[in-house]
Amino acid sequence: MSEVEVTEGGCLCGAVRYRITGPVSPGAYCHCSMCRKSGGGPVSAWISAPQERFEFIGETAPAVYESSSEGRRRFCPKCGSQLTFESTGNPDTVAITVGTLDNPDAHPPHLHFWTSSAISWFHLKDDLPSFEKTPPIGGGKD
Amino acid sequence: MHEAEETMSQPMVVEGGCLCGQVRYRIAGPVAPAVYCHCSMCRKATGAPAAVWIFAARKDFRFTGAPPASYASSPRGERLFCPDCGGQIGFAAKTKTDEIALLAGSLDDPDAFPPQSHVMFVNRLSWFHTDDDLPAHDGIRPSAV
Chain A
1 MSEVEVTEGG
11 CLCGAVRYRI
21 TGPVSPGAYC
31 HCSMCRKSGG
41 GPVSAWISAP
51 QERFEFIGET
61 APAVYESSSE
71 GRRRFCPKCG
81 SQLTFESTGN
91 PDTVAITVGT
101 LDNPDAHPPH
111 LHFWTSSAIS
121 WFHLKDDLPS
131 FEKTPPIGGG
141 KD
Chain B
1 MHEAEETMSQ
11 PMVVEGGCLC
21 GQVRYRIAGP
31 VAPAVYCHCS
41 MCRKATGAPA
51 AVWIFAARKD
61 FRFTGAPPAS
71 YASSPRGERL
81 FCPDCGGQIG
91 FAAKTKTDEI
101 ALLAGSLDDP
111 DAFPPQSHVM
121 FVNRLSWFHT
131 DDDLPAHDGI
141 RPSAV
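As given, the protein sequences belong to chains A and B, one line each in that order.
This note's numbering numbers the first residue of the first sequence as 1 and each following residue consecutively.
This note's numbering numbers the first residue of the second sequence as 1 and each following residue consecutively.
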């Protein structure tokens, strides 16, 4: 019997922690301006997992900000780290920021989306599929 | 207000803020070249694969909206963020009190600030390769964060 894959992460201060039990969907870069304004990075990167296999396990519950009529971003109320994104259009899935994973090296993104909003000077050395707006279902945070 | 003074002596005005717009800031003065930071703390704070920072003199900087919340991420300084949306804004170093660092992603026009170097390069993610030939340092930026 093989061991169940467990992926954990949390915010900078450690108050909010999370765990994903079982496989996660591969990562995706998002170049949208909303991700930039929330995380502050030049690009964001996300993995996703079914809600039923995702849980917050830390001492502190995340705060939530409704960034649009369809989107909710959860963050640490103590240090502000951006943790997850949920969409009403895809309610069974949660997207998790790669930067808050304890082992982000294990989750290289497999595509780019919202490249139409990318910063002009931000270029990566890769040949990943790129989408000007949202990716195919299951491809990323949307 | 010091608009006349800004117009005369400080041609550059840079603005930014958080996602929800509660925390806003303005820099009226020169901005030091942007740097990529690949440290794990920047990753955990931003959730992004790496951070990009610009630097301004504290005297040229002011918050123009609601005040940010802060988190003392190390004895060296505090990270500033929006208490309402968590938007990451900047870093105020205790070791360099005349300067403030701002995250490029929080700028209204990040296109204007291409990074000129990498710091904490030794800590970069194995799969994160920016397409550039910028100087890469394994330590911190010599004079600041």
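Derived from the structure by calculation, the hints contain no laboratory data.
A virtual CB, placed ideally from N, CA and C, is assigned to each residue, including glycine.
Certain hints may be false.
What the hints assert, rightly or not - Okay, the calculated bits of chain B under chain A, using three or more residues with CB under 8 Å as the criterion: (1) 98-111; (2) 132-141.
As the list claims (entries may be wrong) - Straight-line Cα separation of at most 30 Å, DSSO-like style, residue types lysine-lysine; simulated pairs: (3) A:K133 / B:K94; (4) B:K96 / A:K78; (5) B:K94 / B:K59; (6) B:K96 / B:K59; (7) A:K125 / B:K96.
To be verified - With the C-beta cut set under 7 Å, the calculated list includes, among others, these residues of chain A facing chain B: (8) C32; (9) K37; (10) S38; (11) G40; (12) C79; (13) S81; (14) T97; (15) F131.
Hints and how they fare:
no.	hint	verdict
1	98-111	holds (count 6)
2	132-141	violated (count 1)
3	A:K133 / B:K94	41 Å, violated
4	B:K96 / A:K78	24 Å, holds
5	B:K94 / B:K59	15 Å, holds
6	B:K96 / B:K59	13 Å, holds
7	A:K125 / B:K96	35 Å, violated
8	C32	11 Å, violated
9	K37	4 Å, holds
10	S38	4 Å, holds
11	G40	3 Å, holds
12	C79	4 Å, holds
13	S81	6 Å, holds
14	T97	3 Å, holds
15	F131	18 Å, violated
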